[in-house]
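S.K.: Spelled out, the chains give:
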Amino acid sequence: MTQILIQGFLLSGLYALIAVGFTLIFSVGRVLNLAYGAYIMMGGYAYFYAVHIWHLPKTLGFLSAVVVGAIAGILMYRLLVKRLEGDQVAVEISTLILAVIIQAGIVLLFNDSSKILLPIVNGVWHVGSTTITKNMVMAMIASWIILGGLLAFVKFTHLGRAIQAVSMDPKGALISGIRTDRINLTTWAISGALGAVAGVFFATHTQLNPSMWVSPLIIAVAVVIVGGIGSIIGSLIVAHIIGFMEIITSTLIGAELRGIFTMLLIIIVLVVRPQGLFGRGDL
Amino acid sequence: MAILEIENLYAYYGMAESLHGVSMKLEEGEIVGVIGPNGAGKSTLMDSIMGLVKTTGSIKLEGREITGLDSSELVNAGVGYAPERAHLFPYMSVRDNLLVGAYTARNDIEKNLELVHSLFPVLRERRSQETATQSGGERQMVSLGRALMTSPRILLVDEPTIGLAPKICAGIADALVRLNKETGLTILIAEQNVNFAMQLASHIHVLETGSVAVSGPTEELKSDPELAKAYFGH
Numbered sequence: 001m002t003q004i005l006i007q008g009f010l011l012s013g014l015y016a017l018i019a020v021g022f023t024l025i026f027s028v029g030r031v032l033n034l035a036y037g038a039y040i041m042m043g044g045y046a047y048f049y050a051v052h053i054w055h056l057p058k059t060l061g062f063l064s065a066v067v068v069g070a071i072a073g074i075l076m077y078r079l080l081v082k083r084l085e086g087d088q089v090a091v092e093i094s095t096l097i098l099a100v101i102i103q104a105g106i107v108l109l110f111n112d113s114s115k116i117l118l119p120i121v122n123g124v125w126h127v128g129s130t131t132i133t134k135n136m137v138m139a140m141i142a143s144w145i146i147l148g149g150l151l152a153f154v155k156f157t158h159l160g161r162a163i164q165a166v167s168m169d170p171k172g173a174l175i176s177g178i179r180t181d182r183i184n185l186t187t188w189a190i191s192g193a194l195g196a197v198a199g200v201f202f203a204t205h206t207q208l209n210p211s212m213w214v215s216p217l218i219i220a221v222a223v224v225i226v227g228g229i230g231s232i233i234g235s236l237i238v239a240h241i242i243g244f245m246e247i248i249t250s251t252l253i254g255a256e257l258r259g260i261f262t263m264l265l266i267i268i269v270l271v272v273r274p275q276g277l278f279g280r281g282d283l
Numbered sequence: 001m002a003i004l005e006i007e008n009l010y011a012y013y014g015m016a017e018s019l020h021g022v023s024m025k026l027e028e029g030e031i032v033g034v035i036g037p038n039g040a041g042k043s044t045l046m047d048s049i050m051g052l053v054k055t056t057g058s059i060k061l062e063g064r065e066i067t068g069l070d071s072s073e074l075v076n077a078g079v080g081y082a083p084e085r086a087h088l089f090p091y092m093s094v095r096d097n098l099l100v101g102a103y104t105a106r107n108d109i110e111k112n113l114e115l116v117h118s119l120f121p122v123l124r125e126r127r128s129q130e131t132a133t134q135s136g137g138e139r140q141m142v143s144l145g146r147a148l149m150t151s152p153r154i155l156l157v158d159e160p161t162i163g164l165a166p167k168i169c170a171g172i173a174d175a176l177v178r179l180n181k182e183t184g185l186t187i188l189i190a191e192q193n194v195n196f197a198m199q200l201a202s203h204i205h206v207l208e209t210g211s212v213a214v215s216g217p218t219e220e221l222k223s224d225p226e227l228a229k230a231y232f233g234h
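Sequence order for the protein chains is R and C. Each step along the first sequence adds one to the number in the numbering used here, with nothing skipped, and position 45 is 45. Each step along the second sequence adds one to the number in the numbering used here, with nothing skipped, and position 121 is 121.
Worth flagging that the hints you see were computed from the coordinates, not collected in a lab. The structure presented is a predicted model; accordingly, all values stated were derived computationally and were not measured. Among the hints, erroneous ones may be present.
To be verified - Here are the computed lysine-lysine pairs in the DSS-like style, where the Cα-Cα straight-line distance is at most 30 angstroms:
hint, chain 1, residue 1, chain 2, residue 2
1, R, Lys155, R, Lys82
2, R, Lys58, R, Lys134
3, C, Lys111, C, Lys60
4, C, Lys60, R, Lys171
5, C, Lys181, C, Lys167
6, C, Lys111, C, Lys181
7, C, Lys60, C, Lys181
8, C, Lys60, C, Lys25
9, R, Lys171, R, Lys82
10, C, Lys54, R, Lys82
11, R, Lys171, C, Lys25
12, C, Lys54, R, Lys171
13, C, Lys25, C, Lys222
14, C, Lys167, C, Lys222
15, C, Lys25, C, Lys181
16, R, Lys115, R, Lys134
17, C, Lys229, C, Lys167
18, C, Lys111, R, Lys155
19, C, Lys222, R, Lys171
20, C, Lys54, C, Lys25
21, R, Lys171, C, Lys111
Start from the sequences and build out the full structure, keeping to the hints where you can.
M.R.: Listed below in structure tokens is the structure:
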């Protein structure tokens with residue numbers, strides 16, 4: 001029981017961090033960015049390159065992940081999403097294709113073998129019979145700090161309120177003097193950076209390989225669909241539902257089934273409550 | 001010098017032309033009404049001034065040509081807009097809605113909040129309420145308030161009374177008159193509700209299928225029996 005609780009919170013913290021950047025784009029741009037998993041992968045590889053190959057300090061490793069993620073977000077918005085404006089299916093198909101292209105690019109650059117990313121903090125703690133890595137604890141704490149910061153940013157700054165405004169009523173935002181295009185661009189940059197940072201933690205939790213973008217993408221999609229549009233808190237709660245479901249499944253039934261219930265949950269919510277558990281109708 | 005001068009304005013939605021050569025002038029400190037039936041082009045005219053619609057012709061604000069500016073530049077230049085159906089941010093509080101209006105006028109927040117609260121004291125009480133849960137009248141107040149938070153030189157108000165009970169309409173009318181009297185703000189109101197517009201405006205323009213059919217001082221239009229019968233129903 002303690003084991004489930006501890007592992008559940010640790011994994012859920014990571015999942016919340018993975019999902020939040022994806023939620024942000026879905027709320028503001030109404031776009032399912034299926035290349036989001038690629039930010040996560042690029043973040044992991046950027047950190048790997050900086051820290052393990054160039055032997056830079058870990059902070060610079062994180063910084064390079066943030067820069068790579070933000071640039072990827074900006075380019076994706078400028079070159080793809082803005083040009084396909086309004087055509088959601090085209091955006092979804094092209095972002096998915098883009099993810100596959102990025103995967104090929106990673107294979108080309110780093111070959112397709114898996115790489116182990118060393119933990120950001122070393123060591124373990126023992127709580128009863130449970131072993132927890134300090135790395136996972138750090139990932140959870142980082143996740144809480146980043147999410148708290150994001151929430152405060154969105155609520156209490158002019159730029160954050162503008163992001164909310166664009167997500168709720170673009171015309172209302174325009175006539176308040178907000179350049180909605182610039183806000184979209186900023187949101188894509190933030191989303192890319194968040195994804196890339198999540199990627200560093202995710203990679204230390206699993207490992208680096210060119211197809212690692214798929215499972216975090218499924219988690220992010222699940223959180224958005226189950227949680228609904230527009231609520232950071234909602235995403236946080238759903239990340240915990242999914243995280244705990246996986247831990248309970250793999251502890252009590254078997255590790256092979258851990259992802260299955262997440263996907264079942266997506267389908268159930270799509271059928272029963274398409275606006276999501278915390279969604280706000282069609283807004 | 002006129003504060004707003006519109007000359008030979010044509011507006012286009014895609015291929016369709018929805019304003020055909022509209023001209024009008026607003027003097028500083030005036031309240032001017034644009035009346036006309038649904039689909040006459042009132043909202044298109046407002047959207048055109050706000051830079052939201054493709055136009056040809058000329059719009060000058062305080063003598064400066066403003067056609068072709070984007071809406072963010074127009075807000076900076078001093079155009080405030082309370083559009084039809086308000087376009088508020090439903091899951092943000094009243095206060096946050098108002099603060100979004102202050103996006104370009106961050107130095108005037110205190111002063112403008114004070115003005116908005118003095119016109120609509122209920123917004124101070126309801127500052128933490130999400131606008132999605134408010135009544136139509138209060139939403140209209142937030143919409144006007146948000147426009148005032150931009151520190152406008154001219155205020156565009158589109159159909160402020162739509163769907164509101166007469167008593168609430170009267171309250172909105174009082175607030176607009178007070179705003180005009182106390183701060184000297186120039187106001188352009190588009191209305192289907194002819195009586196509401198005539199009660200406030202010193203000049204009226206009647207818009208019909210995208211053109212100005214009749215213009216003049218409100219008193220003159222009222223006293224012309226032909227016009228009164230055709231447009232004002234009495």
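S.K.: Work down the list of hints and note, for each, if the structure agrees.
M.R.: Evaluation of the provided hints:
1. R:Lys155 with R:Lys82: 26 angstroms, holds
2. R:Lys58 with R:Lys134: Distance ~16 angstroms between R:Lys58 and R:Lys134 Cα, so the pair holds.
3. C:Lys111 with C:Lys60: 27 angstroms, holds
4. C:Lys60 with R:Lys171: 23 angstroms, holds
5. C:Lys181 with C:Lys167: 21 angstroms, holds
6. C:Lys111 with C:Lys181: Holds, at about 17 angstroms.
7. C:Lys60 with C:Lys181: Holds: C:Lys60 and C:Lys181 sit about 24 angstroms apart, inside 30 angstroms.
8. C:Lys60 with C:Lys25: Given that 30 angstroms is the threshold and the Cα spacing comes to 10 angstroms, the pair holds.
9. R:Lys171 with R:Lys82: 17 angstroms, holds
10. C:Lys54 with R:Lys82: With a Cα-Cα distance of about 20 angstroms, the restraint between C:Lys54 and R:Lys82 holds, given a limit of 30 angstroms.
11. R:Lys171 with C:Lys25: 26 angstroms, holds
12. C:Lys54 with R:Lys171: Holds: C:Lys54 and R:Lys171 sit about 15 angstroms apart, inside 30 angstroms.
13. C:Lys25 with C:Lys222: 20 angstroms, holds
14. C:Lys167 with C:Lys222: 24 angstroms, holds
15. C:Lys25 with C:Lys181: 20 angstroms, holds
16. R:Lys115 with R:Lys134: With Cα atoms ~20 angstroms apart, R:Lys115 and R:Lys134 stay inside 30 angstroms; holds.
17. C:Lys229 with C:Lys167: The hint holds at about 26 angstroms.
18. C:Lys111 with R:Lys155: 22 angstroms, holds
19. C:Lys222 with R:Lys171: 36 angstroms, violated
20. C:Lys54 with C:Lys25: 20 angstroms, holds
21. R:Lys171 with C:Lys111: 25 angstroms, holds
Comparing the model with each earlier hint shows a violation of hint 19 alone; every other hint is respected.
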